Amino acid sequence: MSGTDVILVTGAGGVGKTTIAAALAVAAAAGGVRTLVVTVDPARRLADALGVGELGNQPLQVADVPGLWGAMLDVAASWEAIVHRHADPDIGDRLLDNPYFRAIADRFPAAQAYAAGEQMAEYVESHAWDLVIVDTPPAAGGIDFILAPGQMRELVGGRLLRWITGARLPARRTLFNVAARPALRLADNVLGGPLLAEIAEFLLDLRNLYDGMLVRSRSVERHLKAAQTVIVTNASPTPMSETRRFFTELPNGAVTPSVIVFNRELPHAWEGIAPPPRQPDIGAADWDALTHNLERWSAEAEHTAAARESLAARYGIPLASVPWMLDPPTDIPSLVELVRSAEGLTDVLLPNLPAT
Amino acid sequence: MGARLPQLAFPAVFERRLLIVSGKGGVGKSAVAASVALAAAQAGKRVLAMGMVDGLGLGLHLGVEELHHDPIRTTAGVMAATIDRPRALDEYLKLQLRVPKAAPTKQLTKALAVLVETAPAIREVVSMGKPIYEAGLPDWDLVVIDAPPLGQLISYLRAPVTLEGLLPRGIVQRQATFMRRFLASPMRSGLVLVTIPEELPIVETIQSLDQLANEPLIDLALVVANRVLPELDVDPNVIGSVENDDLRLAAMRHQTLFAHQQYWLDALDGAKVLPNLFGLLTPGEVSARLSSVWNVSE
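The listed protein sequences derive, respectively, from chains A and B.
Quick note: the first sequence, position 298, residue 474 per the numbering used here, numbers continuous.
Quick note: the second sequence, position 3, residue 26 per the numbering used here, numbers continuous.
Everything labelled a hint here was simulated from the structure, so no lab data went into it.
These figures come from a predicted structure and were not determined experimentally.
Note that beta-carbon positions come from the ideal geometry of N, C-alpha and C, so glycine has one too.
A hint or two may mislead.
Rough simulated footprint, nothing fancy, chain A against chain B, three-plus residues with beta-carbon under 8 Å [said to hold, decoys possible]:
1. 75-86
2. 233-245
Quick look at which bits of chain A chain B covers, simulated, 3 or more residues with Cβ under 8 Å [what the hints assert, rightly or not]:
3. 409-420
4. 432-441
5. 515-528
Cβ-Cβ distance ranges computed for the label pairs, FRET-style [unchecked claim]:
6. B:R69 x A:N233: 52 to 60 Å
7. B:T279 x A:P242: 31 to 39 Å
8. A:E485 x B:D107: 31 to 39 Å
9. A:D269 x B:Q285: 51 to 59 Å
10. B:L304 x A:A488: 17 to 25 Å
11. A:D264 x B:R69: 36 to 44 Å
12. B:E254 x A:P530: 41 to 49 Å
13. B:P298 x A:R516: 29 to 37 Å
14. B:A282 x A:E377: 32 to 40 Å
Modelling step: build the complete structure from the supplied sequences, incorporating the hints.
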């Protein structure tokens with residue numbers, strides 16, 4: 177038994193990550209792989225189709241697909257979960273009531289991504305599944321999910337505290353002296369309130385999370401590194417630049433994407449297609465409108481082809497394409513149809529599935 | 024679930040000094056912000072376009088590799104910049120708070136950097152203060168901001184109010200009051216909310232409008248529906264009779280998407296419609312074409 181495999185499905189918001197994650201999960205389960213798909217997507221229809229509409233972190237079995245479980249993470253409660261897991265009880269409660277904590281929590285989206293990562297590690301280490309497929313949080317974009325554990329260690333590890341105090345881990349009693357320094361007094365004078373001493377006090381409490389989080393965050397990173405990463409994209413500028421960030425901004429070896437999926441692709445036959453000769457029973461005005469329409473979508477198909485080729489040439493990663501469907505998939509049969517019509521998807525990610 | 028948009032007749036969008044362009048990620052916010060700046064510049068206005076959290080998308084759409092804290096002139100005649108927070112903080116201290124030159128700057132800067140990262144509202148006030156400061160200068164007729172999605176932007180817009188409550192007195196508190204009033208004044212500032220006619224972006228836009236109605240931090244200048252398909256005016260029976268598969272499928276695809284878009288557009292009565300642009304266009308071409316849709320004197 178080789179343990180639990182992980183597939184991370186990442187990409188910019190709106191590209192269809194959740195659909196791809198769900199389709200892969202359905203395909204894996206149908207091939208006899210015990211699969212858990214974890215989603216955070218707020219779009220309800222697909223979650224409803226999987227029967228995970230009302231879920232929390234507790235996985236539930238999907239009714240129509242044997243061997244498939246679904247969970248929908250409650251990322252809103254993520255900071256609370258992290259604090260309760262890693263801080264001493266009294267310090268944890270004090271932290272959660274602190275106004276500075278609220279401010280940090282609101283503006284640090286890595287916490288959401290990190291909480292999802294910890295949850296993922298728990299699922300993997302439970303050994304209850306052969307495969308865990310994670311649909312990464314939309315707020316975390318692509319690579320932020322992978323960088324989150326390190327960023328969280330930085331934050332709670334006292335980087336800000338060191339800036340104020342100059343010491344690696346000051347004792348609580350030294351904070352008063354620190355706050356009495358002329359520069360810091362001047363800062364408080366400028367601001368009109370004794371903020372810095374309060375902040376130092378708060379940061380010292382935050383430091384209390386560090387030891388617990390150190391171990392946990394390393395194991396989250398280990399699972400991320402071992403995972404197969406899928407980048408879902410399309411030819412629009414935002415998804416394309418999110419995709420490039422994987423190759424330009426990640427430290428070497430942090431993660432190697434397995435495949436880039438172009439979702440909702442137009443038929444490749446439309447690239448550079450010439451309009452057919454006029455059909456005699458259709459009026460000239462209608463025919464012009466129809467051929468002009470085909471030309472427009474042909475231009476769009478060429479745009480996508482150029483985007484696809486630029487990524488392939490630059491990064492040498494396998495590309496998969498999922499064709500555009502008239503109706504977006506919202507139930508199990510349409511997810512099965514999506515996998516069937518996709519090129520280069522399951523053969524890369526799920527090579528051991530029996531052919532159907 | 025239709026949401027009637029407020030009356031947008033007065034004051035006109037382009038009469039304001041500060042336009043903040045926001046919307047869900049991936050709806051073309053930067054392209055729209057750049058097109059607004061280009062249209063105003065073509066009409067003879069002196070325009071500063073600023074990327075609020077980064078200048079990446081805005082720069083691309085203005086045909087510039089990289090934006091910096093100091094404004095640069097783009098080929099289209101728009102001045103463009105991004106907000107570098109340490110520099111903005113520095114300017115804020117010197118220009119607005121008039122911190123004495125003799126202060127032990129290095130230690131002070133370090134302490135304030137922690138403050139900016141930690142204390143509620145300080146970071147947001149510094150980032151928001153820069154465009155408001157610029158919009159108040161006689162150098163510009165219009166400052167256009169490429170802002171983060173509204174979920175994040177709200178905490179920036181709310182920051183002056185938060186800070187007023189946090190600090191009982193002093194110059195920072197007075198600055199915060201000034202900023203709150205500048206943002207809330209329809210004569211000076213306006214929000215341009217960009218969306219596309221699809222389920223999630225429209226639902227989120229309606230939620231944003233409700234939130235702004237309950238918490239009027241800034242006047243809504245305009246809702247923009249981006250990437251709207253033109254109508255394909257051919258009878259469905261005729262489309263069904265087309266023998267060539269590609270021609271018929273392209274028409275069916277278009278009709279399906281068009282109907283879907285119109286359904287979601289109906290929920291946003293009164294939005295300004297920007298056309299979908301087909302094909303191989305660079306970001307610079309996209310914003311240039313979109314800029315021709317704006318009527319600056321409207």
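Need the list of violated hint numbers for this structure, in ascending order.
2, 4, 5, 11, 14
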